[in-house]
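A.B. asks: Given chain L, put chains U, S, R, C and Z in place with the hints provided.
There are 6 protein chains.
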Amino acid sequence: MTAPTALNLPPVDPLPEATQAYFDKCVEKLGIVPNVLRAYAFDIAKLDAFTGMYNELMLGDSNLSKLEREMIAVAVSAENRCFYCLTAHGAAVRQLSGDPSLGEALVMNYRIAPVTPRQRAMLDFAVLMTNASATVAEADREALRAHGFSDRDIWDIAAVAGFFNMSNRMASAVEMRPNAEYHAQAR
Amino acid sequence: MTAPTALNLPPVDPLPEATQAYFDKCVEKLGIVPNVLRAYAFDIAKLDAFTGMYNELMLGDSNLSKLEREMIAVAVSAENRCFYCLTAHGAAVRQLSGDPSLGEALVMNYRIAPVTPRQRAMLDFAVLMTNASATVAEADREALRAHGFSDRDIWDIAAVAGFFNMSNRMASAVEMRPNAEYHAQAR
Amino acid sequence: MTAPTALNLPPVDPLPEATQAYFDKCVEKLGIVPNVLRAYAFDIAKLDAFTGMYNELMLGDSNLSKLEREMIAVAVSAENRCFYCLTAHGAAVRQLSGDPSLGEALVMNYRIAPVTPRQRAMLDFAVLMTNASATVAEADREALRAHGFSDRDIWDIAAVAGFFNMSNRMASAVEMRPNAEYHAQAR
Amino acid sequence: MTAPTALNLPPVDPLPEATQAYFDKCVEKLGIVPNVLRAYAFDIAKLDAFTGMYNELMLGDSNLSKLEREMIAVAVSAENRCFYCLTAHGAAVRQLSGDPSLGEALVMNYRIAPVTPRQRAMLDFAVLMTNASATVAEADREALRAHGFSDRDIWDIAAVAGFFNMSNRMASAVEMRPNAEYHAQAR
Amino acid sequence: MTAPTALNLPPVDPLPEATQAYFDKCVEKLGIVPNVLRAYAFDIAKLDAFTGMYNELMLGDSNLSKLEREMIAVAVSAENRCFYCLTAHGAAVRQLSGDPSLGEALVMNYRIAPVTPRQRAMLDFAVLMTNASATVAEADREALRAHGFSDRDIWDIAAVAGFFNMSNRMASAVEMRPNAEYHAQAR
Amino acid sequence: MTAPTALNLPPVDPLPEATQAYFDKCVEKLGIVPNVLRAYAFDIAKLDAFTGMYNELMLGDSNLSKLEREMIAVAVSAENRCFYCLTAHGAAVRQLSGDPSLGEALVMNYRIAPVTPRQRAMLDFAVLMTNASATVAEADREALRAHGFSDRDIWDIAAVAGFFNMSNRMASAVEMRPNAEYHAQAR
Chain L
2 MTAPTALNLP
12 PVDPLPEATQ
22 AYFDKCVEKL
32 GIVPNVLRAY
42 AFDIAKLDAF
52 TGMYNELMLG
62 DSNLSKLERE
72 MIAVAVSAEN
82 RCFYCLTAHG
92 AAVRQLSGDP
102 SLGEALVMNY
112 RIAPVTPRQR
122 AMLDFAVLMT
132 NASATVAEAD
142 REALRAHGFS
152 DRDIWDIAAV
162 AGFFNMSNRM
172 ASAVEMRPNA
182 EYHAQAR
Chain U
2 MTAPTALNLP
12 PVDPLPEATQ
22 AYFDKCVEKL
32 GIVPNVLRAY
42 AFDIAKLDAF
52 TGMYNELMLG
62 DSNLSKLERE
72 MIAVAVSAEN
82 RCFYCLTAHG
92 AAVRQLSGDP
102 SLGEALVMNY
112 RIAPVTPRQR
122 AMLDFAVLMT
132 NASATVAEAD
142 REALRAHGFS
152 DRDIWDIAAV
162 AGFFNMSNRM
172 ASAVEMRPNA
182 EYHAQAR
Chain S
2 MTAPTALNLP
12 PVDPLPEATQ
22 AYFDKCVEKL
32 GIVPNVLRAY
42 AFDIAKLDAF
52 TGMYNELMLG
62 DSNLSKLERE
72 MIAVAVSAEN
82 RCFYCLTAHG
92 AAVRQLSGDP
102 SLGEALVMNY
112 RIAPVTPRQR
122 AMLDFAVLMT
132 NASATVAEAD
142 REALRAHGFS
152 DRDIWDIAAV
162 AGFFNMSNRM
172 ASAVEMRPNA
182 EYHAQAR
Chain R
2 MTAPTALNLP
12 PVDPLPEATQ
22 AYFDKCVEKL
32 GIVPNVLRAY
42 AFDIAKLDAF
52 TGMYNELMLG
62 DSNLSKLERE
72 MIAVAVSAEN
82 RCFYCLTAHG
92 AAVRQLSGDP
102 SLGEALVMNY
112 RIAPVTPRQR
122 AMLDFAVLMT
132 NASATVAEAD
142 REALRAHGFS
152 DRDIWDIAAV
162 AGFFNMSNRM
172 ASAVEMRPNA
182 EYHAQAR
Chain C
2 MTAPTALNLP
12 PVDPLPEATQ
22 AYFDKCVEKL
32 GIVPNVLRAY
42 AFDIAKLDAF
52 TGMYNELMLG
62 DSNLSKLERE
72 MIAVAVSAEN
82 RCFYCLTAHG
92 AAVRQLSGDP
102 SLGEALVMNY
112 RIAPVTPRQR
122 AMLDFAVLMT
132 NASATVAEAD
142 REALRAHGFS
152 DRDIWDIAAV
162 AGFFNMSNRM
172 ASAVEMRPNA
182 EYHAQAR
Chain Z
2 MTAPTALNLP
12 PVDPLPEATQ
22 AYFDKCVEKL
32 GIVPNVLRAY
42 AFDIAKLDAF
52 TGMYNELMLG
62 DSNLSKLERE
72 MIAVAVSAEN
82 RCFYCLTAHG
92 AAVRQLSGDP
102 SLGEALVMNY
112 RIAPVTPRQR
122 AMLDFAVLMT
132 NASATVAEAD
142 REALRAHGFS
152 DRDIWDIAAV
162 AGFFNMSNRM
172 ASAVEMRPNA
182 EYHAQAR
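Protein chains in written order, with our numbering: chain L, 2 to 188; chain U, 2 to 188; chain S, 2 to 188; chain R, 2 to 188; chain C, 2 to 188; chain Z, 2 to 188.
Same shape as in the complex, but just chain L (with noise of 0.2 Å):
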């Protein structure tokens, strides 16, 4: 099994016994156990906060479906061309719309990607914020309740874009390798 990234940070051995339930519990779920909680996992702590907050931004409840907080991640993650992320999360979009063309245009260009226009705003939020995030104004975030979106909505958009917005940046850092799984998933 190659190193889940570039820094030599063994994970606790043995792990915890919650942590190995819950890497069991991905086994059993997605076949694998995603990378990036293998590189995490040198420090428990870390791993815990770290998985504390993806879960709850990309898991809990949330007026954005997870198709919707997946696609942010994906057009967030393509600005910042994390390959990490985005193997992982176009995976992600590919599975949860059953449409694989929709997987890589947000991949490689959102702006051509066959979303919904409220989709397409929240998309473009997303990636100001990743490009230009000091010139985020009030007519911006007007933009969004335009199309419908709540001020916890809003909330919601920034803190998935602000999440990946980190994450792309931690596994580019680090070189964090995707597991070859994800490639051919939901093609």
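Relax, there's no trap hidden among the hints.
Copies of the same chain are indistinguishable here, so a pair counts whether it falls within one copy or spans any two.
Each computed DSS-like pair below joins lysine-lysine, with the alpha-carbon atoms no more than 27 Å apart: (1) K30 / K47; (2) K47 / K26; (3) K30 / K67; (4) K67 / K26; (5) K67 / K47.
It should be emphasised that the hints constitute simulated quantities derived from the structure, not laboratory data.
C.D. replies: This is chains U, S, R, C and Z only, laid out in the frame that chain L set:
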């Protein structure tokens, strides 16, 4: 008390006991409840995920001193021109360093700040991650190792830099407003 | 059959015999008539000029293998985020290399793609030409020669990289749409 | 006679009869063999593919006047700071327009050049394609249609702009050197 | 007394009487001789040309208040990340406005600073000139006129913004060092 | 006589005697009153401050030749795409060098201009200051010293480069229009 952001998302009321206790401890230690916490308090699960990751990163165990972590916070926030984070973490650098002009220099242009060559390498890596993460390569990690940083230290630098790339964008996206008290601190 | 671009420029009808024969050969060999050919078919002189240059560059005599030429095509198209070219030439890289993840890596971030140092130098030159051609200097050509590329090879690298800087812009300007068949090829 | 580029790729010698005739016609009409032709003449198939496309685009049938096509050539080449193309096509604009300062203005900053609003829209589209092709959208094509450009005209604008994005990069990559005669022409 | 720049260019010694008198007046009024003056004092003709232009612009007759001119100075210097000018003119904004947080906001991100819409338009023009002067067009001047600025006011805005684009670069090029006294002023 | 800028700011009338004498000398020496002087002549204090600094910098004592100062003027103005300054100082380079193609090359892309390595280092520093002044470091000054430039020379390079970063922006902000006579000079 002005709203902590431009979104209409009031805190849960009353706050859960544990949250209230945490806020009380902030007032006791810092004299204020940082507005970032008031901003997240509309949803306690989100607040807890945020403080969990923040406290682990900025206050937890690391070979990077707390001041060094704050220096990364400011250098990254300056690239992203995040008013909230520059105000709050600029104050932290002034306080922890006892050198007000160091805080100012990091806000204005980290390249002229009076830091050690080792710290400069650390900040260069953090800023590279911020501006061009897709170009980070083994040579950049080697440059850190040449200054005596271990792989664990590299992880910590990357994690702090990554975190503020999230927080900066979150703060700008919702127009987070720093507590007025920061401006005069440790001048 | 959907229009190959956002412009209302139907193909000449009927196609001249030689063009029809060429399209038939495409179907026989590739299973499709690539939409780029259908797009140009509103004017046979333009179609012939395009295919003349394309075939000479991508299929003609060169020390660069066909796979290497396709690798340049994808790396350049990724910089320009051209959906059409990334889809079509990403498929070509997957097919010619027999390595689907190589195609994906070049689409996402060529810097982490598993290529030889010689190929990396070739792609670095192609991407430099794409992003900052006015800065290309003798030192950049020398870097290629140091990897064993001849002056003729440098010409060929430049010609392929130049060509896709044209095609990417043409495709984006008219919203050229890739054939649906590419997405699933060679996964 | 100095080499037409920084590469050591001498022309085939003797030139094929048809090529020699074409070069002779250039001397007769322009007083020179443009160095771009001498550069390609190391391989007659490449030369023919290049001149085939060039002549079709710049001299073939189009609703864009030859001057307008040269204006696009210069505006695009200015964005890419291509010495060869600015020199050769700047001279062409001066000659075709009879207005030397128009050629200069397009070389320096097309935004202040004295052109019609319709031509300005054409140049804005060409420059947008040059600098940010992935963002071109239907609204940009509509802006051209609002100035009376047909879909065929849009194709032609895009094709000329695309072509010079190729030629600029090719010229810079091999350090193509303009014939000295251009500088004084039509001043 | 540390050198005012990284260059070894000591002031003429003794200073001419008029220069000495000017420096004495600075000490009397500001408590310091600003290091920019000490930097230029190696050549009195250069010093006089600099102070001549500076005093005319920043202290001379204008419909822009002195505070507004200092606001432009800081907003422009922030774009250029000039440590010297941000330190000196940030202090001036704090002093003239009596609002320390206004100075900080302009240093960090002028877009969130609490200024009037008219002042915001003025700063937008100054920042546009700083970052993309070649794109300034009549519409940008009209936007100022719509806020009641006269053509003379537009000249003054442009002149101050232009001046700091010079001074910022001069200061960074020679590593000009701000007097330590500025940091604590008017906090 | 057309207005020298897009602003409605006519010269004081009549001009003060000294100003009129200066303008008369311009006509005698250059054949024209440069429009930049006519533009500033609405306010004689501003005109005098400008000419005071300009003449000191461009005509005063320096180890940089007048041609070298004009070369910096053009290289900087090309980065900022300033039509006025490129026209006026491009003519000056042609005149002082006796080499029209040198003026053209500096306007188009200074990197391919036939200058000495020492002059190239000078222009590289001027262009670095123009595009990324906040990154200038001691190593950049050392690179100039390695070519034999003294600290005084570095000051002069910086001062000329800084000045044109001001003038370029001023000229673009008010749409300053070059005298028609420049275009044909010294071709």
